[in-house]
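There are 2 protein chains.
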Amino acid sequence: MTQKIPAIDAAFLHMESHDTPMHVAGLQIFSLPAGAGPDYLRRLVAELKAPRELSAPWNLRLRPSALSRLTPAWEEDHDVDLDYHVRHLALPQPGGERELGVLVSRLHSHRLNRRRPLWECHVIEGLENHRFALYTKIHHALVDGVTTMRLLMQALAENPHGPLVPPWAAQARMPPPAPTAPRALQRRAATAAGALQGLARMAGQAGREAGSLVAPYAAPRSPLNGRVTGQRRLATQQFEMARIKRLARAAEATLNDVVLALCSAALRRFLKDANTLPAQPLVAAIPVSMRPPGDATDGNAVSLMLARLGTDIADPAARLAAIREGTQRAKDHLRTMTTDAQALYSSLFAAPFALQTLAGLTGRTRPFFNVTVSNVPGPAGRLFLGDARLEAMYPVSIAAHGQALNITCTSYAGSLNFGLLGCRDSLPHLQRLAVYMADAMAELEEQFGLPADIPRAAA
Amino acid sequence: MTQKIPAIDAAFLHMESHDTPMHVAGLQIFSLPAGAGPDYLRRLVAELKAPRELSAPWNLRLRPSALSRLTPAWEEDHDVDLDYHVRHLALPQPGGERELGVLVSRLHSHRLNRRRPLWECHVIEGLENHRFALYTKIHHALVDGVTTMRLLMQALAENPHGPLVPPWAAQARMPPPAPTAPRALQRRAATAAGALQGLARMAGQAGREAGSLVAPYAAPRSPLNGRVTGQRRLATQQFEMARIKRLARAAEATLNDVVLALCSAALRRFLKDANTLPAQPLVAAIPVSMRPPGDATDGNAVSLMLARLGTDIADPAARLAAIREGTQRAKDHLRTMTTDAQALYSSLFAAPFALQTLAGLTGRTRPFFNVTVSNVPGPAGRLFLGDARLEAMYPVSIAAHGQALNITCTSYAGSLNFGLLGCRDSLPHLQRLAVYMADAMAELEEQFGLPADIPRAAA
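First to last, the protein sequences are chains H and V.
Under full-length UniProt numbering, the first sequence has 229 at position 229, and the numbering climbs by one with no breaks.
Under full-length UniProt numbering, the second sequence has 349 at position 349, and the numbering climbs by one with no breaks.
None of these hints come from the bench; they were simulated from the model.
Accuracy of the hints is not assured; some may be wrong.
Identical chains share a label here; the pair holds if one copy fits it or two copies do between them.
[Unchecked claim] With a straight-line Cα cutoff of 25 Å, these simulated DMTMM-like cross-link-like pairs (lysine to aspartate or glutamate) come out:
1) Lys-245 <-> Asp-273
2) Lys-272 <-> Asp-81
3) Lys-272 <-> Asp-83
4) Lys-49 <-> Asp-39
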């Protein structure tokens, strides 16, 4: 059985190069259960390799064919070599977040092998404080980042007493096979007709737009938007959700505004360090989930919103206020649109970006936006892999020419987990962004007179 | 300063693909000095990253240029990012030879980054019995396997009391810049004129050749000679030199005949396991160092000798006798030739192989030989990296279409160290070859009535 790969998915195969690997990943941190012996992880690896029947997308490989570059198709691999896909690694001493970051960054820099199903799972031993990690990567031509997180989460159990079911096992709880809303949107956005209609509509509105509602092409040039090389760097940061919500209440802002303010403060300081902070504020692209009045369609309504990050403003509270005002106006604007109009509005950013990427132009022209900041809702309750408790789950996204940094966060059991993924060469010392986010949190709390009574999470 | 890359070296850039990485490596095993603390390796890594000035070839990168595929050239990189090139890894529990083999095999499967100097050094922590390992890979376009071993060995000290000098440090003891004899031979062999002259001479001799003197094209088809994928598997084996010499004396054979007999026995059993042992004996290509009578030229005289491995013979002693007879006749034949004739004789194998590789034909036609078995002499005395003693040094070579397995051994301080490097997909369970070599040794010793009084080295 083969299935033709839709053009929007195949684009991730065509766009891929040594400099721009096109896989996404999830980094999961687990606690070793009390009393786990020295062979606990070896047995875990054996269990992960045990399934004989695999479910899609884990069993899909590219059909080998001379035409495969022109008309790529998936075919089922009935004899997946799990010794190849599931790997057992370890961290050098002291096995801290730094060593983990270095290893995962390196793993994320390697392209997947196109002769095999396009995924790998790395079980990482030696993480300090009695923990271990799973880094699972999968090609974006198979699933997007949101679906990857969902696949990994849905394979976990709500208590530590059941059997371990690998995400790729045929009996694993599977998400519905229908395309996810963001992907459906991408498909629509990728049609040239949609993009052109959107452009026409946008041109008509241009005269009426003003203030904080950011139109495309308004983003400044920055080191975030040049060409990238193939080396990636991952930085992670975890906050307690209660802290972020408390700050949002105090600042009369939304949780997402606080997220943007933390990113903004960190980016401002990071770029100032290198004397590369643009005079104009950076522009973030933010996928937003929303449902306009009267909309009764099924599924999520997801659109893309552009907002200035206020990186030109020195005062943290004033910066947060500017972000809040900008996102409010952008959302009001989106809300007045029909679902179709929202999709077209979003297509303005998505389609030209994809076209430019294919033409090899991105990173050489003025950016449409400087950085994508996504917030993907995750599960509220504790989850377990066998008897090991999940402590954190970080999204690991894609960097591309013109988009050297991606920030994605996801919620899990009372925490908000940030994965910052960038190009190691064009954005050196990327891990400082994570440290700066923690500093920005403390600074904002101080400005709003919030006591530091909620213990801070480790960087 | 740029320097044009000679065509024979550039060929390794042109031939390289996802399936056929073209780097060689050395795997060095060290003992941790008594009293080494938990941060010993972190400090070692820092020392390896310390040099600010690097010597060739470690500071050479490909000149970036649109023409670089046609006329590749080296240029000096005056700001090599040693954080990129020197990496700190660890083995999962229990940190045995198996875990080391899996990790190094995976590292050897990744191509080097062509934007940077074409080498990497991986410091590997967590090797059981108080040891650690260094895996250093370098592109064959820069240096061949023999030179790589020499570069790594010459950076070591003869006692544990001096400072640690990384091989790439400008002050490291360097080999002479002149091309090595094997490489000079390759250059000569690669000229079309040389190959054609050699072919003509060979055709004239064909009628006179008989018996064990193997002519090209006589090798049988085997799984060792198909197409390869990009995944590599390394197996290692160490023997005490005294054991091999004792067996050679008892069998009235040379040390190299014993080496070939061990390879032959292991290959016979390995191929029989999979029901793929050819009826005709496998043919090995053996680089030999020799100096014909009356030759007063400078440098080493290195030639390539083909010998049947007797893999069709069940009895170990009879197999060794057949190998001994075959290599003796091949050497007698080579000795009657002038140095020029030897080079041309060798070019018969080397040049068509290179041409076929470039044409993408290797692995699809009848092989000239089945496997290369090289014995590279190494240092006799103990060596040290800082205060850590070198225990073993394994060559890690190249597998290519048509040559899915390479066996290279090198001597060090009373031991003979085998690196068996093959394609993981076309030669599954390659590590069994190393186990079978140890079994073959014991079997031959028994046949020749040698007591097992010399303790056997670990597999």
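key: Ascending list of hint numbers which this structure does not respect   = Going through the list in order, the structure violates hint 1 alone and respects the others.
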